[in-house]
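Residue numbers (numbering that gives the first Met the number 0), protein chains in the order written: chain A, 0 to 94; chain B, 0 to 143.
It is worth saying that the hints were derived from the structure and are not from the lab. Possibly wrong hints are sitting among the right ones.
Selected chain B positions facing chain A (in silico; Cβ < 10 angstroms) [claimed, not checked]:
id, residue
1, Leu-8
2, Arg-45
3, Arg-46
4, Ala-48
5, Pro-50
6, Ile-51
7, Ala-57
8, His-87
9, Leu-88
10, Val-90
11, Ala-92
12, Leu-96
13, Ala-103
14, Ala-107
Result set (SDA-like, lysine to any residue): computed pairs, CA atoms no more than 20 angstroms apart in a straight line [said to hold, decoys possible]:
id, chain 1, residue 1, chain 2, residue 2
15, A, Lys-33, B, Ala-103
16, A, Lys-33, A, Cys-69
17, A, Lys-81, A, Ala-70
18, B, Lys-97, B, Gln-63
19, A, Lys-81, B, Arg-46
20, B, Lys-109, A, Ala-36
21, B, Lys-108, A, Phe-34
22, A, Lys-48, A, Arg-63
23, B, Lys-112, A, Cys-35
24, B, Lys-79, B, Gln-19
25, B, Lys-38, A, Asp-46
26, B, Lys-27, B, Ala-89
27, A, Lys-48, B, Gly-43
28, B, Lys-101, A, Ala-36
29, B, Lys-101, A, Leu-71
30, A, Lys-38, B, Lys-112
31, B, Lys-54, B, Leu-22
32, A, Lys-33, A, Ser-66
33, A, Lys-38, B, Leu-96
34, B, Lys-79, A, Phe-85
35, B, Lys-108, A, Cys-35
36, A, Lys-81, B, Val-90
37, B, Lys-109, A, Cys-32
38, A, Lys-38, B, Arg-105
39, B, Lys-109, A, Tyr-41
Think of the CB as a built atom: it goes at the ideal place given N, C-alpha and C, for glycine as much as any other residue.
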Amino acid sequence: MMPSRSGGRSGSRDRDGKPSQRKKFFVRRRKVCKFCAEKLEYVDWKDVKLLQSFIPERGKILPRRISGTCALHQRKLQTAIKRARFVALLPYATD
Amino acid sequence: MRLYDIVVLVSPDLTDEDAQKTLGDYRKILADGGAEFVKDESWGRRRLAFPIGRKRDAFYHLFQVKAEPALVSETERRLKLSDQIVRHLAVRADEELKRAAKMAVRIAKKQAKRPPRPPAAPEAAAPRPAPPEMAGEMPERSES
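For reference, chain B alone in the conformation it holds in the complex:
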């Protein structure tokens, strides 16, 4: 099971109910195929940034699902066939999220390791701190 973001743009020529009905069809396809809905949100009727097929706006809907790749490709195939769908985009999201979570942990770790800044100006009489050891460590300034 992989996590996918599927955004669907339904034709604005349909009424609200009809648009919901067509979306319902795809929801059913996904649900029947064993998809697990994480998010199922409507963004309502939005203006398109540029016209697509003479249409200036569309009903946006986002499905965030955990599903098998085969099911998603099947859903995409059907979305492509439909006339009521202006455009759709299905993108895998789990890999990016996983990497982001890993990075967040790494940053947290790095910050914990770094000693906090001295609050005030160090006293002149204080002995000079030992120079930082670079041996064997990863370069610290690689990203900022």
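One chain only, chain A, in its complex shape:
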């Protein structure tokens, strides 16, 4: 009767499971692409403030897996960051 493995993934959320069992797990907030959400179609490479939010401490480009950016916008973001780096608006690496 008791399931040995309960679905702790976010995919089980829409199923009508037992709430007491689900509460144990951390409910992850669904990540949304920032550019889609704010309807920013053009990623401006001169907008340092915006780009900086996708640059962690080390200076690398924040992966999609973490930021939740959609593929299309990640690609645009990538070129924007690379352009900004060339004109020394953003670092290539920091240590």
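With the hints as your guide, set chain B onto chain A.
Same frame as chain A, but now just chain B:
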């Protein structure tokens, strides 16, 4: 005529006036070649994210111009020759902007088509809505 973003980094060893003067030269080259200035803004003296040629900061200036490709390449050639220019970058901007505008229209259209969410919980007695027809339509969940 195409739209270009041209960012120029002028050496910090120059005084403010000298930096403006060198920028003026390039402005003149662009203007003489028939360029149309959309933006012509100075970002002032900024710290570089990393040193370029022993320099730690530079005067940034942005020209956003509508110009012929030949004129831009000529301007770039001259920027490259100059010692006072630490670095420059000229990038075409119109294609991206055009695509962005198109996308914005598409998103607006899509949103207009989608019916608004029912405000409250639907009544249990209400008949089940017909299943959405998928025939012939584009996949709706392709991007989110």
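Checked hints:
1. Leu-8: 6 angstroms, holds
2. Arg-45: 8 angstroms, holds
3. Arg-46: Arg-46 of chain B check passes; min Cβ-Cβ to chain A is 9 angstroms, inside 10 angstroms.
4. Ala-48: 4 angstroms, holds
5. Pro-50: Status holds, d = 9 angstroms.
6. Ile-51: 6 angstroms, holds
7. Ala-57: 7 angstroms, holds
8. His-87: For His-87 of chain B, the interface hint holds, since the closest Cβ of chain A sits about 8 angstroms away, which is under 10 angstroms.
9. Leu-88: Result: holds, 5 angstroms to nearest chain A Cβ.
10. Val-90: This interface hint holds because 6 angstroms falls under the 10 angstroms limit.
11. Ala-92: It holds, given that the least Cβ distance between Ala-92 of chain B and chain A is near 9 angstroms, below 10 angstroms.
12. Leu-96: 6 angstroms, holds
13. Ala-103: Constraint on Ala-103 of chain B satisfied, holds at 5 angstroms.
14. Ala-107: Where the cut-off is 10 angstroms and the nearest Cβ of chain A is about 9 angstroms from Ala-107 of chain B, the hint holds.
15. A:Lys-33 with B:Ala-103: 15 angstroms, holds
16. A:Lys-33 with A:Cys-69: At roughly 8 angstroms apart (the allowed maximum being 20 angstroms), Cys-69 of chain A and Lys-33 of chain A satisfy the hint.
17. A:Lys-81 with A:Ala-70: 17 angstroms, holds
18. B:Lys-97 with B:Gln-63: At roughly 16 angstroms apart (the allowed maximum being 20 angstroms), Gln-63 of chain B and Lys-97 of chain B satisfy the hint.
19. A:Lys-81 with B:Arg-46: Roughly 18 angstroms separates the two Cα atoms, so the pair holds.
20. B:Lys-109 with A:Ala-36: 14 angstroms, holds
21. B:Lys-108 with A:Phe-34: It holds: about 18 angstroms lies between the C-alpha atoms, which stays within 20 angstroms.
22. A:Lys-48 with A:Arg-63: 19 angstroms, holds
23. B:Lys-112 with A:Cys-35: Distance ~18 angstroms between Lys-112 of chain B and Cys-35 of chain A Cα, so the pair holds.
24. B:Lys-79 with B:Gln-19: Roughly 18 angstroms between the alpha carbons, so the hint for Lys-79 of chain B and Gln-19 of chain B holds.
25. B:Lys-38 with A:Asp-46: Given that 20 angstroms is the threshold and the Cα spacing comes to 15 angstroms, the pair holds.
26. B:Lys-27 with B:Ala-89: 17 angstroms, holds
27. A:Lys-48 with B:Gly-43: 16 angstroms, holds
28. B:Lys-101 with A:Ala-36: It holds: about 17 angstroms lies between the C-alpha atoms, which stays within 20 angstroms.
29. B:Lys-101 with A:Leu-71: The given pair, whose Cα atoms are some 14 angstroms apart, holds under the 20 angstroms limit.
30. A:Lys-38 with B:Lys-112: Holds, at roughly 17 angstroms.
31. B:Lys-54 with B:Leu-22: 19 angstroms, holds
32. A:Lys-33 with A:Ser-66: Given pair Lys-33 of chain A, Ser-66 of chain A holds - Cα atoms ~8 angstroms apart, limit 20 angstroms.
33. A:Lys-38 with B:Leu-96: 13 angstroms, holds
34. B:Lys-79 with A:Phe-85: Holds, because 15 angstroms separates the two Cα atoms, which is no more than 20 angstroms.
35. B:Lys-108 with A:Cys-35: 15 angstroms, holds
36. A:Lys-81 with B:Val-90: Roughly 12 angstroms separates the two Cα atoms, so the pair holds.
37. B:Lys-109 with A:Cys-32: Given that 20 angstroms is the threshold and the Cα spacing comes to 17 angstroms, the pair holds.
38. A:Lys-38 with B:Arg-105: The hint holds at about 11 angstroms.
39. B:Lys-109 with A:Tyr-41: 19 angstroms, holds
Consistency with the previously given hints is maintained throughout, with no hint failing.
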